[in-house]
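Quick note, the sequence shown lines up with residues 353 to 392 if you use my numbering.
Rather than coming from a laboratory, the hints here were simulated on the basis of the structure.
This structure is a prediction, so every number in the text was calculated from the model and none was measured.
A virtual CB, placed ideally from N, CA and C, is assigned to each residue, including glycine.
Be aware that one or more of the hints could be misleading.
To be verified - Computed spacing ranges between beta-carbons, pair by pair: (1) 389 to 357: 41 to 49 angstroms; (2) 391 to 354: 44 to 52 angstroms; (3) 358 to 390: 41 to 49 angstroms; (4) 381 to 361: 22 to 30 angstroms; (5) 365 to 388: 24 to 32 angstroms.
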Amino acid sequence: MKRPVVIALVLGLGLVLAGLAWWGWQRGGLALMQLGMGSC
Numbered sequence: 353m354k355r356p357v358v359i360a361l362v363l364g365l366g367l368v369l370a371g372l373a374w375w376g377w378q379r380g381g382l383a384l385m386q387l388g389m390g391s392c
C-alpha cells in the first residue's frame, strides 16, 4: 500500500476509536465514576 493510504487508514481508525470512547464516556463514564466514588 502507498503511504497516504496507510496514514488515512490510521487516522480513520483513530477517529472511530475516539468516537466510541466518547460515546462510551457519555453513556457509562459518569455512572462508573459515581460508582467508583461511592465505593471509596
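**Asked** Checking against the hints above, which ones are violated?
**Response** Per hint list: zero violations.
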